[in-house]
Amino acid sequence: DGGITQSPKYLFRKEGQNVTLSCEQNLNHDAMYWYRQDPGQGLRLIYYSQIVNDFQKGDIAEGYSVSREKKESFPLTVTSAQKNPTAFYLCASSIGRLSSYNEQFFGPGTRLTVL
Amino acid sequence: DAKTTQPTSMDCAEGRAANLPCNHSTISGNEYVYWYRQIHSQGPQYIIHGLKNNETNEMASLIITEDRKSSTLILPHATLRDTAVYYCIVRETMSTLNFGNEKLTFGTGTRLTIIP
Chain R
609 DGGITQSPKY LFRKEGQNVT LSCEQNLNHD AMYWYRQDPG QGLRLIYYSQ
659 IVNDFQKGDI AEGYSVSREK KESFPLTVTS AQKNPTAFYL CASSIGRLSS
709 YNEQFFGPGT RLTVL
Chain Z
3 DAKTTQPTSM DCAEGRAANL PCNHSTISGN EYVYWYRQIH SQGPQYIIHG
53 LKNNETNEMA SLIITEDRKS STLILPHATL RDTAVYYCIV RETMSTLNFG
103 NEKLTFGTGT RLTIIP
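Residue numbers (our numbering), protein chains in the order written: chain R, 609 to 723; chain Z, 3 to 118.
To be clear, the hints were calculated from the coordinates, so they are not data collected in a lab. Do not rely on the hints blindly, as some may be mistaken.
[As the list claims (entries may be wrong)] Below 20 Å or equal to it, Euclidean Cα-Cα: the simulated SDA-like pairs (lysine to any residue) are:
id, chain 1, residue 1, chain 2, residue 2
1, Z, Lys5, R, Lys617
2, Z, Lys5, R, Asp667
3, Z, Lys5, R, Gly648
4, R, Lys622, R, Ser688
5, R, Lys617, R, Asp646
Keep in mind it's a predicted model, so treat the numbers as computed, not measured.
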């Protein structure tokens, strides 16, 4: 089955610890994205990547880091510099080429709680 | 900032058509309107998108006004499983490196509740 997976679904960490969230896709998509969602709010873009070995900051990149060493994978690290890391994190991917049809496919999300 | 305005919440009776409005009065000529929905604690799901013509697929219909300043998403026969938050989004193209990657700015959406 083609799709986008995130693991784990729930994650707990102590304050001050870095944590890495996994995102994998087998859709052969060039573009991948990380969003953050807080309760009752919409999604906010953290980072995006258009191709392998390239990534760009989104609207709220401070305290986060990413890598894109493989087309299939776009892990997000939540560092201790992120002041309020508890949130629902969503990864997405899209074809990424100039097209009138460029739907973003979302993973199931990871709910991170920092204690 | 979000470029769309939607009602905070709506109810619809099961089996009836659900009509979700969206205002996007500042939309530019090459921007698309996308609709996604998010069922509680899941990732958003793509529904439909359009530029200026009305669109229909197996999930919904999208009606865009002639001046493109507003649109309506129609779920023709709402079921209980359609209860979700519906997001109307104007696609902004990030044209660096000549790749057509979109920044989807999600507002707070419309919480649609289907009533049995």
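Status of each hint after checking the structure:
no. : hint                    : in the structure
1   : Lys5(Z) <-> Lys617(R)   : 31 Å, violated
2   : Lys5(Z) <-> Asp667(R)   : 15 Å, holds
3   : Lys5(Z) <-> Gly648(R)   : 18 Å, holds
4   : Lys622(R) <-> Ser688(R) : 10 Å, holds
5   : Lys617(R) <-> Asp646(R) : 16 Å, holds
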